[in-house]
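Enquirer: One letter stands for each residue in the lines below.
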Amino acid sequence: MSQTTTYRTCPRSGLQFEANAEKLMTANAVTAVVFLLLGGILAIGVVLTRWPAVHWLEAGRFYQVLTAHGLDMLIFWVIFFEIAVLYFCSSTLLRCRLATPKIAWLAFALMLIGAVTNNVAVYQGGSSVMMTSYVPMMAAPSFYLGLILFAVGALIACFVFFGTLVVAKRDQTYQGSVPLVTFGAITACIIAVFTIASGAIILIPTYLLSLGVIDRVDPLVYRTIWWAFGHSSQQINVAAHISIWYAVAAITFGAKPMSERVSRGAFLLYILFLQLASAHHLLSDPGMSTEWKIVNTSYFMYFAVLASMIHGLTVPGAIEVAQRAKGYNKGLFEWLRKAPWGNPTFSGVFISIIGFGFLGGISGVMMGTEQLNMLIHNTVYVPGHFHATVVIGTTLSFMALTYFLIPVLFKREMINPGLAKWQPYLFGLSMYFFCLVMMGAGTLGVPRRHWDLSFSGVAMAYEWPGAAYLMMGLVGIAGVAAIIGGAIYIYITVGSLLWGKRLDQGERSPAPTPIPLTAPTAAVQTYGSTGFAAPGTFVLALVFLVSFVLYYFINWKYLSTLWGLS
Amino acid sequence: MSAILPPAERLWWKHPLDRVEGTWIAIAFVWCLVMFFMMIYWHAYGQQNLSTETYKTTPELFAKKAQAVIDKYTIRTETDGHIPVVAVPPGGDVYLIARLWNFSPILEFEKGQTYRLHMTSMDYNHGFSLQPANINIQIVPGYEHVVTITPNQSGTFSVVCNEYCGIGHHTMVGRIYVK
Numbered sequence: 258m259s260q261t262t263t264y265r266t267c268p269r270s271g272l273q274f275e276a277n278a279e280k281l282m283t284a285n286a287v288t289a290v291v292f293l294l295l296g297g298i299l300a301i302g303v304v305l306t307r308w309p310a311v312h313w314l315e316a317g318r319f320y321q322v323l324t325a326h327g328l329d330m331l332i333f334w335v336i337f338f339e340i341a342v343l344y345f346c347s348s349t350l351l352r353c354r355l356a357t358p359k360i361a362w363l364a365f366a367l368m369l370i371g372a373v374t375n376n377v378a379v380y381q382g383g384s385s386v387m388m389t390s391y392v393p394m395m396a397a398p399s400f401y402l403g404l405i406l407f408a409v410g411a412l413i414a415c416f417v418f419f420g421t422l423v424v425a426k427r428d429q430t431y432q433g434s435v436p437l438v439t440f441g442a443i444t445a446c447i448i449a450v451f452t453i454a455s456g457a458i459i460l461i462p463t464y465l466l467s468l469g470v471i472d473r474v475d476p477l478v479y480r481t482i483w484w485a486f487g488h489s490s491q492q493i494n495v496a497a498h499i500s501i502w503y504a505v506a507a508i509t510f511g512a513k514p515m516s517e518r519v520s521r522g523a524f525l526l527y528i529l530f531l532q533l534a535s536a537h538h539l540l541s542d543p544g545m546s547t548e549w550k551i552v553n554t555s556y557f558m559y560f561a562v563l564a565s566m567i568h569g570l571t572v573p574g575a576i577e578v579a580q581r582a583k584g585y586n587k588g589l590f591e592w593l594r595k596a597p598w599g600n601p602t603f604s605g606v607f608i609s610i611i612g613f614g615f616l617g618g619i620s621g622v623m624m625g626t627e628q629l630n631m632l633i634h635n636t637v638y639v640p641g642h643f644h645a646t647v648v649i650g651t652t653l654s655f656m657a658l659t660y661f662l663i664p665v666l667f668k669r670e671m672i673n674p675g676l677a678k679w680q681p682y683l684f685g686l687s688m689y690f691f692c693l694v695m696m697g698a699g700t701l702g703v704p705r706r707h708w709d710l711s712f713s714g715v716a717m718a719y720e721w722p723g724a725a726y727l728m729m730g731l732v733g734i735a736g737v738a739a740i741i742g743g744a745i746y747i748y749i750t751v752g753s754l755l756w757g758k759r760l761d762q763g764e765r766s767p768a769p770t771p772i773p774l775t776a777p778t779a780a781v782q783t784y785g786s787t788g789f790a791a792p793g794t795f796v797l798a799l800v801f802l803v804s805f806v807l808y809y810f811i812n813w814k815y816l817s818t819l820w821g822l823s
Numbered sequence: 532m533s534a535i536l537p538p539a540e541r542l543w544w545k546h547p548l549d550r551v552e553g554t555w556i557a558i559a560f561v562w563c564l565v566m567f568f569m570m571i572y573w574h575a576y577g578q579q580n581l582s583t584e585t586y587k588t589t590p591e592l593f594a595k596k597a598q599a600v601i602d603k604y605t606i607r608t609e610t611d612g613h614i615p616v617v618a619v620p621p622g623g624d625v626y627l628i629a630r631l632w633n634f635s636p637i638l639e640f641e642k643g644q645t646y647r648l649h650m651t652s653m654d655y656n657h658g659f660s661l662q663p664a665n666i667n668i669q670i671v672p673g674y675e676h677v678v679t680i681t682p683n684q685s686g687t688f689s690v691v692c693n694e695y696c697g698i699g700h701h702t703m704v705g706r707i708y709v710k
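Protein chains in written order, with our numbering: chain A, 258 to 823; chain B, 532 to 710.
Hints may be right or wrong, so weigh each one.
[To be verified] Straight-line Cα separation of at most 27 angstroms, DSSO-like style, residue types lysine-lysine; simulated pairs: (1) B:Lys-545 to A:Lys-426; (2) A:Lys-595 to A:Lys-678; (3) A:Lys-814 to B:Lys-710; (4) A:Lys-814 to B:Lys-642; (5) A:Lys-280 to A:Lys-758.
By construction, these hints were calculated from the structure, which means they are not laboratory data.
When you get a sec, could you build the whole thing from the sequences and use the hints?
Expert: As structure tokens, then:
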């Protein structure tokens, strides 16, 4: 089997790009950014309507815009970008050709057709069913068809990724085990296959229901299986963005994982336990037994939370060790003070790590506790939580990686690097605040997906406390700031692709250059066995633990004041 | 030597752990166990546990049962829509219907007494969000959820629908009085 392709070695990073993979990564990443732009424009409508003093869109338009915003951001933007990441982690990191490029293009085409079909269905009206589209509320058939086509495309892309791993193994482009980042991508991909299968199991009958072929889909069964798709798709994000954290630590600092065994073991815990996610969306539902709720929501004894807590230590830990090796040894935190805070690839990832852990992680565990869930179920606390995970965690990591990819993959000089330096701070920190005030409003009971806090014209209107209005006003302000931060990212990315100075693309060769074998040095042999290698990170981790414990028990205290329920 | 390259040491799984990692894993694991057992502990000693008592139902069946209670225990009507206010004796069964876009009837309870609250939806998913007490429960069509409640504060409470249920979602509010 002869493959006509070429390999280019990037003179700036030393990474080797295969021609087909490079084109596919570009296509997927650029499409992702287009959906981010679309979702960002829709976010303006959402934010300016929920800001009580502005209350911009009328109700029907608001629910329509919110439906499209959820789908474009949570599904289309992240998954298109993740496909690019999967190709990068296989073909580029393993220095091999991409398996079956034609099928990869088919996957891309299906995903694009599906995403467009779904969007068109929402804009036509009659499909303002929110991303969750709970039956028996029905959308147009093309709404479900679009999602199904997209899912099939994404599934095919996952198998192209697996195929590429086989190619690398067979062509012996590397020796030993795959890099940790590739291992993380494999984790993401395995979770993706499970996720997409769940989506198919529930969306295909719902599509048939919308066509009138079958006459009933059970609402509770729908909720259970839909969330195996809806939440697990966010677990793909977690595995993908944690891989990116490790990658950026490696790229920026030359950091190696503190221990391969620990980091890979933590990814393995994700594969084994993250799939139980559908349960924690059903904690306040009828029908499920207490035992089922407790075992599943805790992802079986919180093993997946344990995994995230491990990554939360080992990524900054790896950076600390690398920095200390460079001589930044003074005190606990010189390594952190002397980090390249002006490099948006690093600052984006670091803001992402802290925000994902402190805001997304702690709130996620609180929500996922069986009884505590009743405090915040379906309030704006929920979007507060997942904006911390998906926007601060995933989106900000993807943005940070993009700044690295502009010269390396797209071969362009970044326009306006001065602005890029500030972008992660503006976007990340305004999202921190956005999430905090949203969770604050949610704790006061403010519902999510709700057009009118004032219940104007309603006979038995409920009057929210003034603090709820204040919080929702702050949500509006922080949201606008974050949208400006997002717009700057799109301006820099698209602008660099269009007008950035073209850079030398590097040597092309017809055959891949295998990854040279690195001999285990004495440093490698003794590494990590020296004792307490990352004390600064350990202190940060303890600060995290204390916040976690306090917040967790404050919520139990709050719960204990509620009406008796049994 | 980095996370984007194959591990330099072929037998990486035999590599010793740094004490930072080992200590943290132990601490995190203990904390995970505490959180896991906290849920079980609360079932034994806590007062706020969501009932799992659920029956399959249909809108007709549920409406019939609800109507029987309304006929027997209505003490007055309120608003222009003459929504009945239902006060069942302590320990009794009371029915709350969620439909597009209202909750009915209005319920009246006595503080410190226990009631069996039956809830279902006649159409789409709805949300039972008791404010300002802040208890949030999902209402799923086809399923009758029986929650045993003991109000611990008196006053006027609102039931806000917090599951999106279409264009009138934001007008869907019910009421509960606690004497």
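Enquirer: Of all the hints numbered above, which does this structure not satisfy? Sort the numbers upward.
Expert: none
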